[in-house]
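*Asks:* One line per chain: the protein sequences are A and B, in this order.
Residue numbers for the first sequence follow the numbering used here, beginning at 1 and rising by one.
Residue numbers for the second sequence follow the numbering used here, beginning at 176 and rising by one.
If you're looking for bench data, these hints aren't it; they were derived computationally from the structure.
One should not assume that every hint holds.
What the hints assert, rightly or not - Short, incomplete list of chain A residues facing chain B, as computed with Cβ under 7 Å:
#, residue
1, MET48
2, LEU100
3, TYR102
4, PRO103
5, HIS104
6, ASP106
7, PRO116
8, ARG119
9, GLN121
Computed from a prediction, not measured in an experiment: that's the story for all the values here.
Glycine is no exception: its CB is placed at the ideal position from the N, C-alpha and C atoms.
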Amino acid sequence: MTEAAESLKQDPREIGQQLRPGLWQTINQRYPSSMITKADYVPLARLMKPLNEARLTLVSSCGVHMKSDRPMDVCHPFGEFTFRRVPSGAKHSDLIIHQLKYPHDDADLDINVIFPIERLQELAAEGMIGGLTRNFFSFIGYNMDPERFEQTVAADIACAVCEDEQADVALLVPA
Amino acid sequence: MGHHFGAPFHSTLQRRVVTEALQLLRIAEASGTIVTLPIKWADVRREAKLLTEQGKRL
Numbered sequence: 001m002t003e004a005a006e007s008l009k010q011d012p013r014e015i016g017q018q019l020r021p022g023l024w025q026t027i028n029q030r031y032p033s034s035m036i037t038k039a040d041y042v043p044l045a046r047l048m049k050p051l052n053e054a055r056l057t058l059v060s061s062c063g064v065h066m067k068s069d070r071p072m073d074v075c076h077p078f079g080e081f082t083f084r085r086v087p088s089g090a091k092h093s094d095l096i097i098h099q100l101k102y103p104h105d106d107a108d109l110d111i112n113v114i115f116p117i118e119r120l121q122e123l124a125a126e127g128m129i130g131g132l133t134r135n136f137f138s139f140i141g142y143n144m145d146p147e148r149f150e151q152t153v154a155a156d157i158a159c160a161v162c163e164d165e166q167a168d169v170a171l172l173v174p175a
Numbered sequence: 176m177g178h179h180f181g182a183p184f185h186s187t188l189q190r191r192v193v194t195e196a197l198q199l200l201r202i203a204e205a206s207g208t209i210v211t212l213p214i215k216w217a218d219v220r221r222e223a224k225l226l227t228e229q230g231k232r233l
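From just these sequences and the hints, can you work out the full model?
*Replies:* Shown next, in the form of structure tokens:
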């Protein structure tokens with residue numbers, strides 16, 4: 001085996017190991033107030049109709065939005081307290097990500113790696129899903145005031161999902 | 176981070192992750208159920224490199 005091949009073999013990314021074990025414990029210690037903790041038990045909400053009759057929405061913290069929309073504030077130290085509606089019929093070329101907190105180079109090539117809008121369009125067209133809501137939802141996950149975030153962004157998105165969009169199912173995707 | 180549904184242009188894998196997530200609606204017995212898929216990121220990266228080199232979708 002060549003030296004290069006031996007080096008590749010030992011690369012933790014190639015053998016599926018975490019690059020920095022314990023990283024998340026470190027982040028929890030560094031930003032303790034940024035972690036939302038819930039002691040309350042949340043019961044399972046069962047789907048009341050078959051998936052092929054259900055209307056699905058997508059909610060993501062990836063920070064994607066329409067190119068025509070106002071960009072989100074990615075520099076504020078406390079985070080952004082607004083969200084964006086993304087038309088469910090949008091294409092990759094309609095969308096852009098403004099985010100500094102995770103690598104989105106590959107999402108810039110293909111938005112579906114983090115916001116699978118085109119895969120959901122296909123599943124709806126094939127009838128596996130009953131349909132899609134008119135809009136999907138996006139916000140920036142970085143936030144240092146989780147209580148305010150819960151009372152504003154989270155509550156507003158939940159209201160929009162249930163009342164405006166009449167969704168039966170929400171696919172929640174962190175970034 | 177940033178690749179929860181796989182790699183760019185790997186629509187087969189993206190679709191698989193979405194459909195597996197939706198299957199939870201049918202099979203989950205309790206809130207907070209976690210399903211670990213038998214997908215290795217190392218394998219996905221290799222396939223992604225190949226796709227990028229080939230410049231086409233699966």
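*Asks:* When the hints from earlier in the document are held up against this structure, which numbers fail?
*Replies:* The structure conflicts with hints 1, 2 and 9, although it agrees with all the remaining ones.
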